[in-house]
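Novice: Letter by letter, the chains look like this.
There are 2 protein chains.
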Amino acid sequence: METANIFGPIKALMDEVETRYHQELKPRTNSLADLISHIGKYKGKRLRPALVLLAGKCVGEIAPQHIDIAVVVEMVHTATLVHDDIIDEASMRRHVESINSKWGREISILFGDYLFSRGFTILSALDSQVATLLLSQTVNIMSEGELIQLQRRYDIGLSESDYFDIIERKTASLCAASCRLGATFAGANRKVSDMLSNYGLKIGIAFQIVDDCLDVMGTEEEIGKSLNSDIEKGKLTLPLIRLVNQLPRNKLESARELIFQHNGKETKSAIIELLTKHDAVEYAFNTAKNIVKQAQEEIAPLPDSKYKTALHELADYIVTRRK
Amino acid sequence: METANIFGPIKALMDEVETRYHQELKPRTNSLADLISHIGKYKGKRLRPALVLLAGKCVGEIAPQHIDIAVVVEMVHTATLVHDDIIDEASMRRHVESINSKWGREISILFGDYLFSRGFTILSALDSQVATLLLSQTVNIMSEGELIQLQRRYDIGLSESDYFDIIERKTASLCAASCRLGATFAGANRKVSDMLSNYGLKIGIAFQIVDDCLDVMGTEEEIGKSLNSDIEKGKLTLPLIRLVNQLPRNKLESARELIFQHNGKETKSAIIELLTKHDAVEYAFNTAKNIVKQAQEEIAPLPDSKYKTALHELADYIVTRRK
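Those protein sequence lines, which keep their order, are chains R and U.
No gaps in the numbering here: position 233 of the first sequence is 233 in my numbering, and each next residue is one more.
No gaps in the numbering here: position 248 of the second sequence is 248 in my numbering, and each next residue is one more.
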C-alpha cells in the first residue's frame with residue numbers, strides 16, 4: 001500500500017498542510033526565489049506532517065495549531081536534509097538535484113539555517129511554548145546524533161546499541177516529537193501522548209534501518225536519492241554491523257578494508273555477496289519488522305478508528321517500501 | 001577605552017551571563033566535550049549580551065529573563081560564526097583555531113545547528129514567546145543577509161545601498177534585537193524599545209563597516225581572526241565600493257581584475273595603495289563615525305544614567321577599536 005492510500009482519511013488536511021507549507025516558504029527577497037522554488041520540487045512522503053495529523057485524529061479533534069506544527073516538522077526535516085546533503089556530498093534528493101549539488105555548500109548551509117529559523121518563527125505564533133520547547137530539543141538531539149555518527153565513521157567497533165542510539169537521535173526523535181505534539185494539541189493526557197510518541201520513535205527507528213538497507217541494496221533510479229553513500233562515507237549501518245559481528249575475528253581486518261578502503265562497482269558486489277552469505281540485510285529487515293510490530297502494539301490500547309488503522313498500515317508500509 | 005571598562009556598571013551581571021553561558025553549553029554526551037570546550041575558548045567581546053543588559057538597565061530593572069536572553073544572543077551569534085567560518089574557510093577565530101579548521105566542515109555545520117537549537121530551547125522556557133519570535137525572525141534575516149552576500153560575490157556593481165542592506169541583515173539585526181529585548185523585558189514602552197533597537201541597529205552597521213575596514217588594513221595578530229578573506233572571497237565591502245565609485249569608468253575592469261582575479265601579497269599592497277590614494281578607507285571610517293553619532297542621538301532622549309553613558313561610550317569604542 002502506498003502512503004497516498006494510507007493517508008486517505010486525512011487527505012483534506014494534508015492538502016491544507018501542503019498549501020501552507022508553500023505559502024510559508026514564499027520568499028520575501030528575490031534572491032531566495034530560485035532556492036525556494038527548487039525546494040518546492042522536493043516532493044517527499046510528508047511522513048512527519050502525517051504523523052502530527054494522524055496522532056491528533058486518533059485522540060481528538062484537529063486544531064489550527066496542528067497545521068502549523070505539521071508545516072514546521074516538514075520544514076525542520078527539510079532543513080536537516082539540506083545540511084545532511086552537504087555532509088554526504090549527495091547529488092540527488094527526492095528525485096531532483098540536491099541544493100548542495102546545484103548551489104554549493106555555502107548556500108546550502110545558510111539555506112538550512114533559513115529553513116530552521118522560519119520554522120521557529122511559525123511556532124512562536126502559537127499560544128504555548130510546548131512545541132517550541134519540544135522541537136528545539138529535538139533539533140538539538142538530531143544534530144547530536146549526526147555529530148556522533150560523524151565521529152564514529154570508519155569505526156568497525158560500532159556496536160548495534162551505538163547504532164540504535166545514533167538513529168534514534170538523528171531520525172526517530174523527530175517522528176516521536178511529531179506524534180507527541182499531534183496528540184498533545186488534540187488534548188491527550190500524558191499516558192496517551194507517551195504511547196503515540198513511543199509509536200513514532202519506533203517507526204522512526206524502523207524507517208532508518210530500512211533506509212540503510214536500501215542504501216546498500218537499492219538503485220538510485222528507484223529510490224530517488226544518492227545511494228551507497230553510507231559505505232563511501234564510512235558509516236557503519238545495521239547490515240554491515242551484523243556482518244562484522246558474524247565474521248570470525250581474523251577476518252575483521254580484511255572486512256574493514258573491503259568496506260572502507262576500496263570503492264567502485266567491484267567492491268560493491270563483493271560486499272553484497274558477503275552480506276548475502278551472512279543474511280545480514282535480511283537480519284536488518286527482520287529487526288525493523290520486529291520494531292514495527294512493537295510500534296503497533298504501543299497504540300493497540302487506543303480506541304479503534306480509521307486513523308488508528310492508518311497508523312497501523314503506515315508502520316507496515318515502512319518495512320515493505322522499496323523506495 | 002576598552003569594553004571591560006565600558007561594561008563596568010554591569011560587570012556582576014556580565015559575569016553571571018558568562019557562568020550561565022558555560023553551564024548551558026555543558027555537553028550531555030561525551031562526544032561533544034571537545035567541541036564545547038574549544039568554543040569555550042572563543043573569548044569574544046560579548047557585545048550582544050552587554051546590549052541586552054545595558055538596554056534593560058537604561059529603562060528599568062534586570063529580570064532573570066535578561067540573563068537567559070543575553071546567553072541566547074551570544075549562543076546564536078556563536079552559531080553564526082561557526083557557520084560563517086566554513087563559508088569563509090577561515091582558520092582563525094577569536095585568537096584560536098576555528099572549529100572549521102580543527103574539525104572540518106561537516107562537524108561545523110552540525111555544531112552550528114546544535115548551538116542554534118540549544119538557544120531556542122532556553123528561550124522556550126520563558127513565559128512569553130516575544131523573544132522566540134524576535135530571535136527566530138532575526139536568525140532568518142541574518143541567513144538571508146549572508147545568502148544575498150554570497151549571491152553578489154564578485155559583483156562590481158554592488159552599490160552602497162546594497163551593501164548596507166546586507167550588513168543590516170547579517171550583523172546589525174542581532175544587535176537591534178538584543179537592545180529591543182533588553183528594553184522590552186525591563187518594561188519599556190514601544191517608543192523606547194524602538195529607540196534602543198535603532199541604536200542597536202546603527203552601532204551594528206558601524207561595527208560591520210569597521211570590521212570590513214580592519215579586514216583590508218589590519219593584521220591577523222592584532223585582530224585574532226583570519227583576514228583579507230573578504231577580497232579573497234569576492235566580497236565587496238564599503239572601502240572597495242567607495243574605490244570603485246571613485247574610479248573613472250575605463251578603469252573599472254582593471255580594478256575588478258586587481259581586486260578579484262589576483263591574490264597574494266603584491267596584490268594586497270597594490271589594493272591598499274589604490275584605497276589610500278582615493279581615501280576610501282577613511283571614507284568608510286567616516287561613514288561609520290556618522291552612523292555612530294546617529295546611534296548616540298537615538299538614545300539622547302533617555303534619562304541620564306551610567307548605563308546610558310556606557311551605551312554612548314560603546315558606540316565610540318566601535319569606531320575607535322583596532323581589533
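In short, the hints are calculated from the structure, not lab data.
Careful: at least some of the hints might be erroneous.
Stated by the list, open to error - Simulated restraints, written as ranges between beta carbons of each label pair:
1. Lys41/R x Asp127/U: 37 to 43 angstroms
2. Arg153/U x Lys277/R: 48 to 54 angstroms
3. Asn290/R x Gly234/U: 51 to 57 angstroms
Just so you know, even glycine gets a beta-carbon here, dropped at the ideal spot from N, CA and C.
Novice: Holds or violated: the 51 to 57 angstroms window for the beta-carbon distance between Asn290/R and Gly234/U?
Specialist: holds (54 angstroms)
Novice: 37 to 43 angstroms was suggested as the range; check whether the CB atoms of Lys41/R and Asp127/U agree with it.
Specialist: The hinted range 37 to 43 angstroms holds for Lys41/R and Asp127/U, with Cβ atoms some 41 angstroms apart.
Novice: Does the beta carbon distance between Arg153/U and Lys277/R stay inside 48 to 54 angstroms, or does it fall outside?
Specialist: At roughly 52 angstroms between Cβ atoms, Lys277/R and Arg153/U fall inside 48 to 54 angstroms, so the hint holds.
Violated hints for the displayed structure: none, as all numbered hints are satisfied.
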